[in-house]
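S.K.: Spelled out, the chains give:
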Amino acid sequence: MSRNPDNREQFRPDDHDNDHFLLTTVVGSYPKPKWLNRARDDYEDGAFGESEWTEATDDASRVITREHEDAGLDTVVDGEMRREEMVEFFAERIDGYEFNGPVKVWGHNYFDKPSVVEDVEYDEPWLVDEFEFVDDVAERPVKVPITGPYTLANWTFNESYDDDEALAYDLADLVNEEVEKLVAAGARYVQIDEPALATTPDDHAIVGECLERIVADIPEEVRIGLHVCYGDYSRVYPEVNEFPIDEIDVELANDEYEQIGVFADGDFRPDLALGVVDAHVADVESVEQIKRNIREGLKVVPPEKLTVSPDCGLKLLPREAAYAKMENMVRAAREVEAELDAGEIGVPAVEDTDAAPADD
Amino acid sequence: MTDIVATTPGLYPLPDRAKGDLSDLKGHQKHDLIDGEEGSAVTDAYDRVREELVADQREAGLDRIVEGQGRWDDMLAHPLTVHDSVETGGIVRYYDNNNFYRDPQVVGELTATGDVAAELAAAAELLGDDPLQATLPGPYTLAALATDDHYGDEAAFLDAVAELLVGEVEAFPAHETLFLLEPSYVTDPPADDAGERAAEAIDRVAAATDADVVVQTYWEAFEETAYAHLMDADVDAVGFDFVVADREANLECINEYGTKGDVALGLVDGQNTLVEDAETVAERVDWVHDRIPAQTFETTYVTTNTEPFYLPVNRHRAKLSVLAEAAEIAASEEVEA
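Protein sequences, first through last, are from chains A and B.
Each residue of the first sequence is one higher than the last, beginning at 734 in my numbering.
Each residue of the second sequence is one higher than the last, beginning at 6 in my numbering.
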C-alpha cells in the first residue's frame, strides 16, 4: 500500500510564487566536469594522491550541486560526482562482493560486474558522507538516490545464495540500515533506483518485498521514491500501487507518452514523478514542449501529486544540454503552476474521477 | 564407450586489453560497431584477439578449438548485422540478459558474404593439426533475432536466412565440428507447422558440411513437439542446457523421443563466475548418461551451457580448464567402467 505522501509540502520553497506546487527534481546522475575525469586519470595513474582526489571530488560535488540550484530545482543532488557506476559503487562498500573484471553490456560498453561470494554484510556507510557534504553546500533540500537491492542482486554474479531473491532480501536489509543512517543525518528524500525491474517485470513481488524491508521503521515524513526506467510499465502496473512508496518515477518522454494510458486508470495511488525531458537526446526540449509533457501527467494525478523530473540520469548528455534541460523543465513547471492557479488548464485526472458514476 | 570431447559454443569475452584498444579504435556508439568493412588497424587488433583466444584454448587443453568470435559485436545476430542488405536499427535486448545488440532489419536479398568463413580461415591457419570447430547461429534463432522488411512472409524469411547460412558454411575451411546455436528454438519454440519448417531449415544448413553438426540449445528445456520435429533433422547431436534449463523436462524429451547418436551437455555455467569443480562436472556427465539408459553415445560433447562472453576473462579461462579436465576425468572413468 502506498505511503501517505503528504510529505511533499516540506519541499515547497518559502518564496514559492504559485499556489500550486509541482515538485521539481532530477533522477540523480549528471555529466562530470572534464577536469574531474582528468583528475581521476591522474589519481588512477598515481600522479594524484588521496587528498588531491578528495579535493577534486569535493569541488565537483559543490559545483554541480550549485548548478542544480541555479537551474531552480526544488530538490537537488550533486550529480553523483563520487560514483562511477550504479552497481560497482555500492558493491565496493558491501562485504561479500568481489570483482573479477569488466563484462560486456553492448558493443564496447562494459561494466565491472561484481560477484557475491559470501553472505552480504553492512560494513561502512555508503552515502552518509556524500549526503552530509551536499546538504552542507545546498540551500535547497537534498535528494539521495540509492541503487535498489533488486538491481544490486540482479546485476551481480550470484555465487553464494540459492537464488537472486534471497540475495535481494539480504541486500534490502542493508539498504534499510543505510536509509536509517541517512535519515539520522537529516535526509528527507530518498530514491530507490530499480532499473532491473524493467528487464524482469514478473519479479514485481520481489521488489515489493524489498521495499517493505527498506521502509521498515522509516518515519513517514521521509519521502521514499522508486525509479524504474526503460520497460513495459503495463507489466508492473497496477502492482506498484501496493508498493510502500510515496512516489514512482518513470521514463515516458522517451517514447512520447505512448505508455501514459497504462497509469491513467483513475486508481493510481502513489505520487507520479514524471519524466518530462529525454535523458538520451542532446536536443533541448523547449519550455512549451515540456509544458505539454507535464500536462500528460495531469491525466494520471492531480497537480498536488505530480513531481516533475527528467526521464533518467542525465550523465550521458553534454553538460550544457543537461543544464538547459533542467532550466527549461523548472521554467515549464512554474508556468504550468501559474496556469493552474489561474484556472487556465484542466486536470483530466480529476475531471475523469468527477465524471465517474456515483456507484463506482 | 563414448568419446568425451571438451569444447565450447564460441563467442568469447574479449581479452581485457583488447576491450580498451578496440573501444579506442572503434568508439562506443551504435554506428561504431562492426560492419564487415573495418580498416587495417581494427583488423590487426582482431587478429591479435584471435591469436589470444586460440592460445587460451590450446593451453586449457580443449578438444575442439573455436575462433572465439571476438568480432561479433551483436552476438548471434552478427551474420546479419554485417550484411549489405541489412540496416541496423535500435539497440534491443538480447534474450533476458542485461545485454543488447543492434536490431538487424533485413531490407534486401540475403546472399552469403563469406564474413564468417574468413574468420575461420584465419583461425585455421593458427591451428596446425588441432581440430577446428565452427560456430553459427541456427537459422531459426537468426531469423528470430532479426526484423524482416523484405521477404514479407515468415516461411520465406526463414528460408532466406537458412540459404544465407548454407552459403556461409559452403565457404568454410575444413572443420571437425559445426555448432549451430539455437537458443530461440527453446526460449520461443516454433508452433505447429513452424516446427517442421524450422527443423527443415536446420537440416539444410547441416547438409552443407561434412563435419559433425551439433544443435546447441540453452536457457530453457525443449517444448515436446518442437523437439520431435528437430529429431527429423539430419544432425549429429542436440545440445541441452543442464545448468539452468529444466533437466527433467529435457530428459523426458530424450527418453520419450530418443536423441541423436551424439549428445552435447551444457554442464558448466557460462553466466556465473563460480568456477565448477572438474570432478563434479565429470560426475554430472556420468549422471546424464545414467539417466538416458536406452542410449549410448558415440560422442559426448562437454561444454558451457551458453556462450561465455558474459564472464570476466579470468573466470572464463578458468572454466575452459575445467571443461578440459572434466572431459579427461570422465573419459578415464569410461575406460575403467
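Do not rely on the hints blindly, as some may be mistaken.
As the list claims (entries may be wrong) - DSS-like cross-link-like pairs, simulated, lysine-lysine; straight-line CA separation at most 25 angstroms:
no., chain 1, residue 1, chain 2, residue 2
1, A, Lys767, A, Lys1048
2, B, Lys31, A, Lys1024
3, A, Lys1048, A, Lys1032
4, A, Lys767, B, Lys24
Worth flagging that the hints you see were computed from the coordinates, not collected in a lab.
S.K.: Are the Cα atoms of Lys31 of chain B and Lys1024 of chain A separated by 25 angstroms or less?
M.R.: violated, 39 angstroms
S.K.: Does Lys24 of chain B sit within 25 angstroms of Lys767 of chain A, going by the straight-line distance between their CA atoms?
M.R.: Since the Cα atoms of Lys767 of chain A and Lys24 of chain B sit roughly 23 angstroms apart, the hinted pair holds (cutoff 25 angstroms).
S.K.: Is the hinted pair Lys1048 of chain A and Lys1032 of chain A satisfied, with a Cα-Cα distance of at most 25 angstroms?
M.R.: The given pair, whose Cα atoms are some 29 angstroms apart, is violated under the 25 angstroms limit.
S.K.: Given the hinted pair Lys767 of chain A and Lys1048 of chain A, is their alpha-carbon gap at most 25 angstroms?
M.R.: The given pair, whose Cα atoms are some 12 angstroms apart, holds under the 25 angstroms limit.
Consistency with the previously given hints fails for numbers 2 and 3, ordered from lowest to highest.
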